[in-house]
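So the protein lines, in turn, are chains A and B. Numbering-wise (my numbering), the first sequence opens with residue 1 and increments by one. Numbering-wise (my numbering), the second sequence opens with residue 1001 and increments by one.
Incorrect hints may have been included.
Pair by pair, the computed Cβ-Cβ distance ranges are [stated by the list, open to error]: (1) 16(A) <-> 1026(B): 36 to 46 Å; (2) 1173(B) <-> 38(A): 34 to 44 Å; (3) 38(A) <-> 1211(B): 50 to 60 Å; (4) 10(A) <-> 1164(B): 33 to 43 Å; (5) 1112(B) <-> 6(A): 22 to 32 Å; (6) 1061(B) <-> 2(A): 52 to 62 Å; (7) 1205(B) <-> 44(A): 39 to 49 Å; (8) 1152(B) <-> 73(A): 39 to 49 Å; (9) 38(A) <-> 1112(B): 44 to 54 Å; (10) 44(A) <-> 1024(B): 48 to 58 Å; (11) 1028(B) <-> 67(A): 48 to 58 Å.
Take a look, some chain B residues computed to stay more than 12 Å from chain A by CB distance [unchecked claim]: (12) 1019; (13) 1070; (14) 1078; (15) 1129; (16) 1161; (17) 1181; (18) 1227; (19) 1229; (20) 1240; (21) 1249.
These aren't lab readings, by the way, just hints derived from the structure by calculation. Just so you know, even glycine gets a beta-carbon here, dropped at the ideal spot from N, CA and C.
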Amino acid sequence: MDLASAQVIGAGIAAIGVGAAGVGVGFVFGSFLQGALRNPAAAGGQTGTLYIGFAAAELLGLMAFAVSMIILYAR
Amino acid sequence: MAAAGKIDPMHQFTIAPIGSDQLTASPFQFTNSALWMLIVLAVIVLFMLGGTKRQLVPGRWQAAVEYLTGFLDNVTTQSIGAEGRKYLPWVFTAFVFILVSNWIGAMPFGIVPAAHPFTVTSQFTVTGTMSIISFAIVLGVGFWRHGLHFFSLFVPHGTPLPLKFIVAPIEFVSFMVRPFSLGLRPFIAMFAGHILLDVFGNFVVQGLNAGGAVGYGVSFLAFAFVVFVGALELLVGAIQAFVFALLTALYINDAVNLH
C-alpha cells in the first residue's frame, strides 16, 4: 500500500474518535437535562459545571480530529 | 481555487500579505490575519465605546455592554471568589476577543469579492498565545502568593502517603497539558467548522454546475446543511469563548486558593 492511501485510511480510522466524543457530549448534556428536570431550581447554578464537563468530553474529540488532520496532511 | 471535482478546504487558512498569494522572506508584512485582528479590535472598541456613556437609565446599547461585563464578572467571582474581580480584565479580554473573531469569521462578507473574512482564531498561533498568557498568569499568581507552597497544588488534601507518589505525577501532567488543551479547543472548533462550511459550500456549487435532478437535489440539501452549520457555528463560537473564559477563571482559582 502506498503512503497516500495509507494516509487516507488512517485519517478515516482516527476520525472514529470524533464520533466517540459525540457520544460523550450527548451523555453530558443528557445527564444534565435529567438532573435539571428533576430539580429545576438547582439547575441554574450548575451551568458552569455543565460546560466544564462538556469541554472535557469535547476536547478528546477535537484531539481525534487534530490527529486525523495531521495524518491526512502530513508529508 | 476549487476547480471542478477538486475541493481544497485548507486554502482558506492561508496567511498571506494583503494583495499577494504567499508569504515572502521579509519578517514585516501586513497579512490578512493582522488586518482582521485590527477589524476585530475596531468592532470591540466601537461596541464598548458606544456602551460606556454611563447614563443613569441605560439605553439598549449600554444594557448590552452591561450584560456582557456583568456576565463575565459573575463568571470570575463565582469561580475565584471575592477577589475574582482582579482577574476580570484578562478573562474579559480573552472572552470578547475570541467571541468577536469567531463571529466575524463566520460572517458572509465573501459575497463582496475579495472581502473574505479571515477567522483569526482558526490559527493555533493566536489561541495558543492566549492560552500561554492564561498559563503565565496562573504560574505568576501562584508563585507570587504561595511561593514554593504552590507545588502543593499537585497533592490534594488528605491523600494517603503511598497514593501521593501516584497522584502527584498525574496531577503534574494534567497541569502541564492545560495550556495545550486550552488553546487547542477554540482553534480546532473554528478550524473544523470552517472546513465543514467550505466542503459543503463546494457541494452547492458543484451540484448546480452538474445540473439535473440529482445535481439540484444535492445542491439544495447541501445548502440547507450549510445554513444549519452556519447557525451552529455562531453557537459554537460563543460556547468556545465561554469555555475559554470559564477554564481560565478556574485555573486562576487553583492558583489563588490552591486546593
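Hints, one by one, checked against the model:
1. The given range of 36 to 46 Å is respected by residue 16(A) and residue 1026(B), whose C-beta atoms sit roughly 43 Å from each other.
2. Separation of residue 1173(B) from residue 38(A) is about 36 Å and conforms to the stated range, judged on CB atoms against 34 to 44 Å.
3. The hint said 50 to 60 Å for the Cβ distance between residue 38(A) and residue 1211(B), and at roughly 54 Å that hint holds.
4. The beta-carbon spacing between residue 10(A) and residue 1164(B), approximately 40 Å, falls within the hinted interval of 33 to 43 Å.
5. A C-beta distance of roughly 42 Å is found between residue 1112(B) and residue 6(A), which places it outside the suggested range of 22 to 32 Å.
6. Distance hint check: the CB atoms of residue 1061(B) and residue 2(A) are about 60 Å apart, consistent with the given range 52 to 62 Å.
7. Restraint check, residue 1205(B) to residue 44(A): a C-beta distance of roughly 45 Å satisfies the suggested window 39 to 49 Å.
8. As the Cβ distance of residue 1152(B) to residue 73(A) is approximately 43 Å, the hint placing it in 39 to 49 Å holds.
9. In this structure the supplied range 44 to 54 Å holds for residue 38(A) paired with residue 1112(B), their Cβ-Cβ distance being about 51 Å.
10. In this structure the supplied range 48 to 58 Å holds for residue 44(A) paired with residue 1024(B), their Cβ-Cβ distance being about 54 Å.
11. Look at residue 1028(B) against residue 67(A): about 35 Å separates their beta carbons, and that is not inside 48 to 58 Å.
12. Here residue 1019(B) stays apart from chain A, with its beta-carbon at least about 27 Å from theirs, past the 12 Å limit.
13. Every C-beta of chain A lies more than 12 Å from that of residue 1070(B), the closest at about 15 Å, which supports listing it as non-interface.
14. The beta carbon of residue 1078(B) is not kept farther than 12 Å from every beta carbon of chain A, the shortest such distance being approximately 7 Å.
15. At the 12 Å boundary, the C-beta of residue 1129(B) stays outside the reach of chain A, the nearest C-beta of that chain being 18 Å off.
16. Every CB of chain A lies more than 12 Å from the CB of residue 1161(B), the least distance being 29 Å, so the non-interface label holds.
17. Here residue 1181(B) does not stay apart from chain A, with its beta-carbon only about 5 Å from theirs, under the 12 Å limit.
18. The Cβ of residue 1227(B) sits about 21 Å from the closest Cβ of chain A, beyond the 12 Å cut-off, so the non-interface label holds.
19. The non-interface label for residue 1229(B) is consistent with chain A: the shortest C-beta to C-beta separation is roughly 15 Å, beyond 12 Å.
20. For residue 1240(B), the condition that its CB be more than 12 Å from all CB atoms of chain A is violated, with the nearest at approximately 9 Å.
21. Listed as a non-interface residue, residue 1249(B) fails to keep its Cβ farther than 12 Å from every Cβ of chain A; the least gap is roughly 9 Å.
Checked against the numbered hints listed earlier, the structure breaks hints 5, 11, 14, 17, 20, 21; every other hint is satisfied.
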